[in-house]
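Here is how the chains run, residue by residue.
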Amino acid sequence: MKERVDILKCEVHEEENPYVPERARIIRKYDLTNDVRFFQVRLCNHEKVMEWTTKYKPGQFMMLSIPNVGEAPFSITSTPTRPGIFEFCIRKVGRLTGKLFELRENDFVWLRGPFGNGFPVEKMRGKDLLFVAGGLGAAPLRSVLLYALDYRERFGKIYYLYGAKNPDEMLFKDEFFGMKERQDFDCYLTVDSDPTGEWPYDIGVVTTLFKYVKDIDVENTVAVVCGPPVMYKFVVQEFMKLGIHEENIYMTLERKMKCGMGKCGQCVVGHKYTCIDGPVFTLWDVKTIRNLI
Amino acid sequence: MKKIRMEDFERELSRWGTVFKRTEEGFMEKDTLFSGRSRQSPKEFLLPREEVLFVARKSKDDVEILPSKPSKKKVVFGALPCDMKGLELTSKNFMQDPQDPYFKKRMENTLFVSEMCQYPSSSCFCRTFGFGPRAQMGDITYFKLDEDTVLTIPLTDKGKHALKWENYPEAEPQDLKIMENVLSEVEKKVEKLDLSYDFNRQREVYGSDVLNESVFHCINCGACTFVCPTCYCFDIRDVKRKDFVIRERVWDSCMYFVYSLEASGHNPRKERTKRAQNRFMHKFFYQPLQYKEYGCTGCGRCIDTCPAGYDIRQTVLKIQSFLEGQNG
Chain G
1 MKERVDILKC
11 EVHEEENPYV
21 PERARIIRKY
31 DLTNDVRFFQ
41 VRLCNHEKVM
51 EWTTKYKPGQ
61 FMMLSIPNVG
71 EAPFSITSTP
81 TRPGIFEFCI
91 RKVGRLTGKL
101 FELRENDFVW
111 LRGPFGNGFP
121 VEKMRGKDLL
131 FVAGGLGAAP
141 LRSVLLYALD
151 YRERFGKIYY
161 LYGAKNPDEM
171 LFKDEFFGMK
181 ERQDFDCYLT
191 VDSDPTGEWP
201 YDIGVVTTLF
211 KYVKDIDVEN
221 TVAVVCGPPV
231 MYKFVVQEFM
241 KLGIHEENIY
251 MTLERKMKCG
261 MGKCGQCVVG
271 HKYTCIDGPV
281 FTLWDVKTIR
291 NLI
Chain S
1001 MKKIRMEDFE
1011 RELSRWGTVF
1021 KRTEEGFMEK
1031 DTLFSGRSRQ
1041 SPKEFLLPRE
1051 EVLFVARKSK
1061 DDVEILPSKP
1071 SKKKVVFGAL
1081 PCDMKGLELT
1091 SKNFMQDPQD
1101 PYFKKRMENT
1111 LFVSEMCQYP
1121 SSSCFCRTFG
1131 FGPRAQMGDI
1141 TYFKLDEDTV
1151 LTIPLTDKGK
1161 HALKWENYPE
1171 AEPQDLKIME
1181 NVLSEVEKKV
1191 EKLDLSYDFN
1201 RQREVYGSDV
1211 LNESVFHCIN
1221 CGACTFVCPT
1231 CYCFDIRDVK
1241 RKDFVIRERV
1251 WDSCMYFVYS
1261 LEASGHNPRK
1271 ERTKRAQNRF
1281 MHKFFYQPLQ
1291 YKEYGCTGCG
1301 RCIDTCPAGY
1311 DIRQTVLKIQ
1321 SFLEGQNG
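Heads up: the protein sequence lines correspond to chains G and S, in order. Position one of the first sequence corresponds to residue 1 (this note's numbering), numbered consecutively onward. Position one of the second sequence corresponds to residue 1001 (this note's numbering), numbered consecutively onward.
Since the hints were derived computationally from the structure, they do not count as laboratory data. Keep in mind the model is a prediction, meaning the values are calculated, not measured. From the three backbone atoms N, C-alpha and C, an ideal C-beta is built for every residue, glycine too. Check before you lean on any hint, since a few could be wrong.
Calculated lysine-lysine pairs in the PhoX-like style (CA-CA distance at most 20 Å, straight line) [to be verified]:
#1 G:K165 x G:K233
#2 S:K1292 x G:K272
#3 G:K99 x S:K1058
#4 S:K1274 x G:K272
#5 S:K1058 x G:K272
#6 G:K241 x G:K157
#7 G:K99 x S:K1092
#8 G:K287 x S:K1274
#9 G:K211 x G:K157
#10 S:K1270 x G:K272
#11 S:K1003 x S:K1160
Chain S residues, not near chain G, derived (Cβ > 12 Å throughout) [unchecked claim]:
#12 G1026
#13 K1030
#14 F1034
#15 E1064
#16 K1074
#17 D1100
#18 K1188
#19 H1217
#20 D1238
#21 V1245
#22 N1278
#23 P1307
Over 12 Å on every C-beta distance to chain G, these chain S residues come out as not near it, computed from the model [to be verified]:
#24 T1018
#25 L1033
#26 Y1102
#27 Q1118
#28 Y1119
#29 S1121
#30 E1147
#31 H1161
#32 M1179
#33 E1185
#34 D1235
#35 G1265
#36 D1304
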């Protein structure tokens, strides 16, 4: 009891404090696969909604928390070109995500952010874009893909290659199936294996989709890859075969993070912090920093 | 420099805030000043072992979040140059954009009174890093002339306002001479390593056999990280109390397996020696690359504390000769 009085008696910070989260409401949720769920959230403070949801960059992440359970980083899967909400794809792996899966629509979560460098969307202007996603890697890539499609006229050719283990593991299936109908960019989907026998597209690992990549201007192409660590090596080899420059190959990496602002040291890799110098790195960074992948 | 009786000096300082003196263990509210380096550095005055970030309280269907603000005024009395250097390096991390509000508030609320060092030990090597026992650091610095008298000088505005300096006499020339003699004797006893390797060659070092071998006997207990004045890693956790929740940050250590363990099960530094190597690399390569300054102050606490007898000086010298060998 005494402790309680002491703590509540302490002075309260009035200035902006980056450790203090904003409350948000889950406005929509549904399962993408059997262990990945899609969450759409909106800040409760209506004055901040537009400011927060228009100023972030694709590829950035938020710290999402539930008091008494914990806090963890999640990449934003929505795009600032469609403001008002934040979207996340969350896989149930631990204590916090387990608790998140118990929440219902209209329940509260708390957000801090956005953090991280994000994709260099300005540098990508006028370039051909080649996105390669594997499994849950589609979550951060969807943000930059939707961004590029919403500003379609700013970019050259766009290729989106996405591979999942099997049809049930593919995220945003309906959305991506719909994209295959679009004429203004090329979307290719593949699964490693198809136990259902009903998969209409390619079968094989994601690198087999590179056969469809044609007529890109390699000098002016930005390639982005995100997926499980094992995938990077093979995808990067394909990029190199095409002749894309190291500094134009981007990948988003993750580490355990606690503060999101380069203070706590948790996500340090070499002399870089994943949370402020990343999570988006170029292949050149990866080659010069030991242990990044 | 002013000459002040220890008693008056302490009494005046206690008007600024609660005085925490150097003891054998750490900095505490004690009467006597310990003659030697304390086991724990004063970093906990800026980065406490546990710091409440905010309290979340449930009320009806709402949850109220009350961020805490450290407000007690404290005087850290008798911090040695290596302690002060450690705080300076730690501040670089917390005070760069975005500034850490808790750390900043604690800086404002703490008066650092440093002592010029007269306690060299076999594990000291501060002179390696461009300062030494005579370094004048903090808000006020003093030299202990004898048990009852100090020679002191304010270094910052905060220090100037903490005492009524005009009430005290100037130090006499013979006092300054004594100080000079004592400090040069002390300096002679402090080791100075001659480091001149290239930080940019970090890739050759991390994971190399020579570094691996050198840190091999580290048992990852984490003691060095807790006594180190420049180690600042922290974890953030939620603690449940009866009807509210505290989110606090607590010291963490990169020596632990769970430190870098991700929820997916992936762990970028799962090998024991990789974690020990990483800590060494951070102090002697990564921080110099980041801030153009070594991340070590040469206080020697890790050497005194290590249960496995690891001496970081040996490692850095081995690495230096390894890099020289690679050149030839």
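*asked:* Checking a non-interface call: every C-beta of chain G should be farther than 12 Å from the C-beta of E1064 (chain S). Is that right?
replied: At roughly 10 Å from the nearest Cβ of chain G, E1064 (chain S) sits no farther out than 12 Å, so the non-interface label is violated.
_No chain G beta carbon within 12 Å of M1179 (chain S)'s_ = holds, 39 Å
_Is the claim that L1033 (chain S) lies outside the interface with chain G correct, judged by CB distances over 12 Å?_
Given a closest Cβ separation of 29 Å, the condition holds.
*Going straight from one Cα to the other, do K99 (chain G) and K1092 (chain S) come out at no more than 20 Å?*
violated, 37 Å
*Holds or violated: are the alpha carbons of K1274 (chain S) and K272 (chain G) at most 20 Å from each other?*
OK: K1274 (chain S) and K272 (chain G) at ~17 Å, within 20 Å.
_Please check whether the beta-carbon of V1245 (chain S) is more than 12 Å away from every beta-carbon in chain G._
Given that some Cβ of chain G is not farther than 12 Å from that of V1245 (chain S), nearest at about 4 Å, it is violated.
_Given hint K272 (chain G) paired with K1058 (chain S) - CA-CA distance at most 20 Å_ = violated, 38 Å
*Hinted pair K99 (chain G) and K1058 (chain S), Cα distance within 20 Å*: Status holds; Cα separation ~18 Å.
*Minimum Cβ distance from Y1102 (chain S) to chain G greater than 12 Å, as the annotation requires*: violated, 8 Å
_Proposed proximity, K233 (chain G) with K165 (chain G) (alpha carbon, max 20 Å)_ = At roughly 18 Å apart (the allowed maximum being 20 Å), K233 (chain G) and K165 (chain G) satisfy the hint.
_Given as non-interface: D1238 (chain S), which should sit over 12 Å from chain G by C-beta_ = Non-interface label on D1238 (chain S) violated, nearest chain G Cβ at 5 Å vs cutoff 12 Å.
*Is the nearest Cβ of chain G still more than 12 Å from the Cβ of G1026 (chain S)?*
Consistent with the label, G1026 (chain S) stays out of reach of chain G, its closest Cβ about 22 Å off (over 12 Å).
Checked against the numbered hints above, the structure breaks hints 5, 7, 15, 17, 20, 21, 22, 26, 34 and 35 and satisfies the rest.
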